[in-house]
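Asks: Sequence:
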Amino acid sequence: MTTKTASLLIGFTFLAVGLLGFVPNPIIGDSHNAIFHTDAVHNMVHLASGALFVLVALAAPERAATFLKVFGVVYFLLGVIGFVAIGSEGMTHLLGFLPVNGADNYLHIALGVVIFLAGMLPRRRIAGIGSRI
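Going from the sequence shown to the working numbering is simple: count from 1 and add 3.
Treat the hints loosely; a few may be bogus.
FRET-style restraints, in silico, Cβ to Cβ [stated by the list, open to error]:
no. : residue 1 : residue 2 : range
1   : V26       : F100      : 14 to 24 Å
2   : I30       : V117      : 14 to 24 Å
3   : E65       : H35       : 14 to 24 Å
4   : M123      : A88       : 39 to 49 Å
5   : R127      : L55       : 13 to 23 Å
Think of the hints as simulated: they come from the structure by calculation, not from any bench. Ideal Cβ placement from N, Cα and C applies to all residues, glycine included.
Work the whole structure out from these sequences, hints included.
Replies: This is the structure in structure tokens:
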């Protein structure tokens, strides 16, 4: 897997999550019973983030590693700020406009680490590795 492929996969996942947030479901939504609390603005942030991941992967794949690392740090910090603001329980508006709950904080920290590590993948596929004989 390359940073371009990782950026595409993460981007499509963010796009799917952003769209899922607009559909009533028990996982992502504005219901207090949803595992991850979002609203229309939060869903739009997911859609914009997903579009950025896809755009970077397709238009500037040589920049994907840097983008993944920066985005990973940002997401990790959002999780830390969320824990400082509300702990592992409760709900608040992170940075004044993004509704988050405790589960969001854990997810943001985990995503931050995974996205940052994806930035460490090779930029190009190495010839011979994964090739069929």
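Asks: Decide, hint by hint, whether the structure agrees.
Replies: For each hint, the structure was consulted:
1. V26 with F100: 14 to 24 Å: holds, 22 Å
2. I30 with V117: 14 to 24 Å: holds, 18 Å
3. E65 with H35: 14 to 24 Å: violated, 44 Å
4. M123 with A88: 39 to 49 Å: violated, 29 Å
5. R127 with L55: 13 to 23 Å: The hinted range 13 to 23 Å holds for R127 and L55, with Cβ atoms some 21 Å apart.
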